[in-house]
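> Keeping the supplied structure of chain A fixed, place chains B, C and D upon it in accordance with the hints.
The residues making up each chain are set out below.
Number of protein chains: 4
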Amino acid sequence: MSKEIGHKIWAIPEGYIPGSSNGPEPEFLSHETACILNTGKHSANIEITIYFSDREPVGPYILKVPSRRTLHLRFNELKEPEEIPRDTDYASVIISDVPIVVQHSRLDSRQAENALLSTIAFPVND
Amino acid sequence: MSKEIGHKIWAIPEGYIPGSSNGPEPEFLSHETACILNTGKHSANIEITIYFSDREPVGPYILKVPSRRTLHLRFNELKEPEEIPRDTDYASVIISDVPIVVQHSRLDSRQAENALLSTIAFPVND
Amino acid sequence: MSKEIGHKIWAIPEGYIPGSSNGPEPEFLSHETACILNTGKHSANIEITIYFSDREPVGPYILKVPSRRTLHLRFNELKEPEEIPRDTDYASVIISDVPIVVQHSRLDSRQAENALLSTIAFPVND
Amino acid sequence: MSKEIGHKIWAIPEGYIPGSSNGPEPEFLSHETACILNTGKHSANIEITIYFSDREPVGPYILKVPSRRTLHLRFNELKEPEEIPRDTDYASVIISDVPIVVQHSRLDSRQAENALLSTIAFPVND
Chain A
91 MSKEIGHKIW AIPEGYIPGS SNGPEPEFLS HETACILNTG KHSANIEITI
141 YFSDREPVGP YILKVPSRRT LHLRFNELKE PEEIPRDTDY ASVIISDVPI
191 VVQHSRLDSR QAENALLSTI AFPVND
Chain B
91 MSKEIGHKIW AIPEGYIPGS SNGPEPEFLS HETACILNTG KHSANIEITI
141 YFSDREPVGP YILKVPSRRT LHLRFNELKE PEEIPRDTDY ASVIISDVPI
191 VVQHSRLDSR QAENALLSTI AFPVND
Chain C
91 MSKEIGHKIW AIPEGYIPGS SNGPEPEFLS HETACILNTG KHSANIEITI
141 YFSDREPVGP YILKVPSRRT LHLRFNELKE PEEIPRDTDY ASVIISDVPI
191 VVQHSRLDSR QAENALLSTI AFPVND
Chain D
91 MSKEIGHKIW AIPEGYIPGS SNGPEPEFLS HETACILNTG KHSANIEITI
141 YFSDREPVGP YILKVPSRRT LHLRFNELKE PEEIPRDTDY ASVIISDVPI
191 VVQHSRLDSR QAENALLSTI AFPVND
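Protein chains in written order, with this note's numbering: chain A, 91 to 216; chain B, 91 to 216; chain C, 91 to 216; chain D, 91 to 216.
Check each hint, because a few of them may be wrong.
Derived pair list, reagent style DSS-like, types lysine-lysine, alpha-carbon separation capped at 30 Å [to be verified]: (1) C:K98 / D:K169; (2) D:K93 / C:K93; (3) A:K98 / B:K98.
The hints are simulated quantities; they were obtained by calculation from the structure and are not laboratory data.
The shape of chain A in the complex, shown without the other chains (with noise of 0.2 Å):
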């Protein structure tokens, strides 16, 4: 299937980067994601705005996820315009240039004593 499915624009009000972990990395890295899939013929480009509660937004950060690909983005491998800070709630918009879906998730399913969330993110319509 090539058909583009979802939204241009997603929201993910809950965001946190532990600042500490457990066990060994990359694999054991605490981390968020937000899953991106786009399943249509065009290249997904796509802009991420980072709120936080006192200062103002950061962004654009700018990446590409490809026709018929999903893209599980960590938000601690982010770097450009600057790393977002640990131990630090913030929140997150997603906007692209083509239809995708986005799913929010913490998680480590490797170790025992890891912890899960997750969430289809909010479908802003168009």
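Just chains B, C and D now, with coordinates in the frame of chain A:
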């Protein structure tokens, strides 16, 4: 981006603040959070009503989320008109004068034995 | 607020009550919950149907949620027309005569080693 | 109830099958599940396509969910056209010829140290 996104009314049927916690506070205090994102140009004036299983609702709890900011509100920090009782089932309705996006979480990812849940709250069509 | 919010039909495809638990009951009994919120002026008369993988659906399970109240219903407490079997995949459809909001959870946050999941259920357009 | 509810196309951007597990199988095998509910009068003929980060999609995986039944499909049990690789990011699109409801879960609630996640999948408007 300063576009308003989201809805003005949100519901979270699940709510429960455990009466006990493990670990140093406030980082490891068991807590429920409503993560609120206001991407618009105007402050969001918000009223929260708390529903119970066996008595009349309590509220409004009043708070403000500035323009282009996120607030990760811990329900256990609400004080007025009264604290939310511990070990008690509750639900909440969040009403804003401008569109916002709300995600419900219970989380502590910094202790190996913590548990997490999260979901985008239920948006009510205006 | 006494405004009716939500939908009259909700679906929860995931359901599974573990056959064993750790810790004193009922607090630490493994359980699945449908958190139901009725913000309106009238009691919600609710019928739940349980679907299985290999036999006909069972129901209706009948319950009431008063006006302006929440009910965090544990599926393992349903008795009539029959108990939901343990260690068995099931799904549920919840039908109300007035709009309600439903969130699905499996939770026990009072033991360090508990696990949690939660999602707003799937609302069916009338 | 034999009313058809749901949508014909669903997306789950998050997918990851851990390469290792703890505990006796199959109960404690780490697994990802698509919980599918078909409340209608007709069997659901379903095709699943799996998307990856770095190669073409694989599928369709073909399955059937009978009328008025639920199927809690474990992705790690899919064999044809090929097994889903472990320790690999993937996403899925589920297409049915009749309306269904889909919930994504990763769960094992019978071991104290297990972790859980769940969310209603993303429904695509026809």
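> Please write out, lowest number first, the hints stated earlier that are contradicted by the structure.
1
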